[in-house]
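Q: Chain by chain, the residues run as shown.
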Amino acid sequence: MARKSSRSLSGLLAVGLGVWVILAAFPFLWMAIISVRVPVDAFSVPPQLLAPFTLENYYELWVVDQFYVKFFNSAIVTLGVLCVSLSIGCLAGYALSRYEGNLGFWLLMVALVFRALPHSTLLPGYQLAFAELGIWNRYETLIIVLVAINQPFTIWMLRSFFANIPKDLDEAALVDGCTRTGAFFRVIVPVMWPGIVTTGLFSFLLAYNDFLISSQLMNADKQTMTAALSAYINADDDAYKLMQGIAGAVSVTIPLIFLVLFFQRQLVSGLVQGAVKG
Amino acid sequence: MASIRFSNITKRWGSFVGVDNLSLDIADREFIVLLGPSGCGKTTSMRMVAGLDDPTFGDVYIGDQRVNDLEPKDRDIAMVFQSYGLYAHLSVYENIRFPLKVRGIPSTEHDAKVRAAAEMVELTEFLERKPKALSGGQRQRVALARAIVRQPNCFLMDEPLSNLDAKLRITMRAEIKHLHHRLNVTTIYVTHDQVEAMTLADRVAVMEKGRIRQLGTPTDIYNNPANLFVAGFIGSPPMNLIDGDIVEGQFRAEGVSVPLPFQGSRQGVVLGIRAEDLRLTDPAHGHFRQAVYSVELLGDATLVSQRFGSRLITARADKGFRIEMGATSAFEAMPSAYYLFDRASGDRIALPA
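Chains L and B are the protein sequences, given in the same order. Residues in the first sequence are numbered consecutively from 837, following my numbering. Residues in the second sequence are numbered consecutively from 58, following my numbering.
Looking at chain L on its own, in the form it has when it is part of the complex (with noise of 0.2 Å):
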């Protein structure tokens, strides 16, 4: 009987999560689909399920209009913000979960009010300082106001993964022989992997995604890949430009599948904070 419900429940689950998975794929399947079809099948009405395939879309894009460029400059950008804010983020969440005083908490408080802020209000006071300062349109600026916008929440995330670590862990390393860098390197850090890798996705993703920001403060030639895309998707009356936008939305989607995949194990240990506990 048991077995039987069992067998039951579990088809009830795959048909609920099938559809689940349809409907929430089905924009980016489209996507797919039509990124590789000229404007007038891509948007004919009726929609048509079968067309010609071509990869003009995608010539045009990276090779014409040169989006390799935006690639690199997403690269460089997502790369800093995630060094840094993950060097930042260990070594203060770290401290913050070992630390036993009220400071900490109010620390950890200002931390979320400014990470609750809407960014776009942060906007008005960057822009005039930056001009002022000169450093407009560089690298390092998005990065550090990238960096800014995510630290609290990176520090919040990681302190709760090395609050989950048990202090016995720090003491017998102590104990054992290393200072208390050599514990955090050597034992910490290593048992700590999971949460490391499932904080550093949130942070790729908050530079990778950003479009606010980077749309602001880079001009055209330095602006990453999301916030160049804009330009292609919002030029109504050419339908030649959004076809390349639809290229580049499916370009820029498919290393965060990748992504996700490749460090699966790791996020869902990360996820359900199993794998952490000894």
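Calculated from the structure, these hints are not laboratory results. Model, not experiment: these values are computed from the prediction. The beta carbon of each residue, even a glycine, is placed where N, CA and C say it ideally should be. Hints are not guaranteed to be accurate.
As the list claims (entries may be wrong) - Simulated coverage check for chain B against chain L, where a stretch passes if three residues somewhere in it have a Cβ under 8 Å from a Cβ of chain L:
#1 132–145
#2 149–162
What the hints assert, rightly or not - Only pairs whose alpha carbons sit at most 25 Å apart, straight line, appear in this in silico BS3-like list of lysine-lysine:
#3 L/1003 x B/187
#4 B/224 x B/376
#5 B/158 x L/1003
#6 L/1003 x B/189
Unchecked claim - If you want the ones that stay clear, here's a sample from chain L, every Cβ over 12 Å from chain B, calculated:
#7 863
#8 896
#9 912
#10 935
#11 961
#12 993
#13 1029
#14 1037
#15 1070
#16 1088
Starting from the structure of chain L, add chain B where the hints point.
A: Structure of chain B alone, referenced to chain L:
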């Protein structure tokens, strides 16, 4: 090898006093147990030897060296934690090797040392496993092996057995005792379990509220408790304690009359008697006469209790002894088996032998 000395150690957190002016000399190669209820300062005292907590006042010496300002790694100690503190990302082999690696001991010596340590705690066949794939007892063995691999000056053990199930605890207790006999290293062992203290220790320090209430050999502590706290803490079942007064050489409480070798009268005393010193006797002339409140069969003995007010008085009878609950009963003991304490101060009142 080293002796350890606490010299007027006080540890405070704000206004909370964790350890209160503690002084204790631990001899080289001695196995000392710090015993007490939770919050009595026993773990804190040990952590100050390790350097994981700093004393607010006072000095800690290992050998002749004052170690207050030394980092834990420079104190040449090894510690076993209650929750084992194993490195989950490393295999058993690498866990045991970790202290050698960190301390820069030539890598040619590692393998022999790791294997010798693993051998000693019977872990040889598990060396390639990760801690996750081990049982609680095996994990504790890894922690022990990691402690002994380096032959430190001193072992610190923080309730190492309290996460194990009852049966395993007894086996591991014997193993720890054997290990100490074999290695002969000064050991501080913290526990709230009096049986562990009695079985393992050369000397026991019974602690309460940050102070040592009595320091002595297990026999000493058991036979000559210095105060009410120690008397009530040591022994299973705990010592029977009855509030009352002495009237002309007789201890008197409701339903109780015990002749004592005591001259005169005294108000506010507590009479103590261990269960195994009480025997059941003819209801006509026992010291404690009351209906039987409960009978508990332990297998190797039978516990018979009477109830006086809110207190139970328990006698340990022969394993074949049987009596109905509610039946009239009487307990008595040799006058020399009684202990007398002052109720207000808790101190022992000497009785002439």
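Q: Give a verdict on every hint.
A: Against the structure, the hints come out as follows:
Residue count for the segment 132–145 of chain B with a Cβ under 8 Å from a Cβ of chain L: 11. That meets the three needed, and the coverage hint holds. Taking a C-beta to C-beta cut-off of 8 Å, the segment 149–162 of chain B contributes 4 residues in contact with chain L, enough for the three needed, and the coverage statement holds. Restraint check for residue 1003 of chain L and residue 187 of chain B: the C-alpha separation of about 20 Å stays at or below 25 Å, so the hint holds. Under the criterion of a C-alpha separation no larger than 25 Å, the hint pairing residue 224 of chain B with residue 376 of chain B is consistent with the structure, at around 23 Å.
Distance hint between residue 158 of chain B and residue 1003 of chain L is fulfilled; the C-alpha atoms sit about 21 Å from each other, no more than 25 Å. As the CA atoms of residue 1003 of chain L and residue 189 of chain B are separated by approximately 18 Å, the hinted pair is consistent with the 25 Å bound. For residue 863 of chain L, the condition that its CB be more than 12 Å from all CB atoms of chain B holds, with the nearest at approximately 40 Å. The Cβ of residue 896 of chain L sits about 49 Å from the closest Cβ of chain B, beyond the 12 Å cut-off, so the non-interface label holds.
The Cβ of residue 912 of chain L lies farther than 12 Å from every Cβ of chain B, with a closest approach of about 32 Å, so its non-interface assignment holds. The claim that residue 935 of chain L lies off the interface holds: its Cβ sits roughly 14 Å from the closest Cβ of chain B, which is beyond the 12 Å cut-off. Residue 961 of chain L, annotated as away from the interface, keeps every beta carbon of chain B farther than 12 Å; the closest lies near 41 Å. With a least beta-carbon separation of about 20 Å from chain B, residue 993 of chain L lies farther than 12 Å from that chain, consistent with its non-interface assignment.
Annotated as non-interface, residue 1029 of chain L brings its C-beta within 12 Å of a C-beta of chain B; the closest such distance is 8 Å. Consistency note on residue 1037 of chain L: stated as away from chain B, and its beta-carbon is indeed over 12 Å from all of that chain's, at 20 Å minimum. Non-interface call for residue 1070 of chain L relative to chain B: holds, since the shortest CB-CB distance, roughly 49 Å, exceeds 12 Å. The claim that residue 1088 of chain L is not at the interface with chain B holds, since no C-beta of that chain comes within 12 Å of its own (minimum 35 Å).
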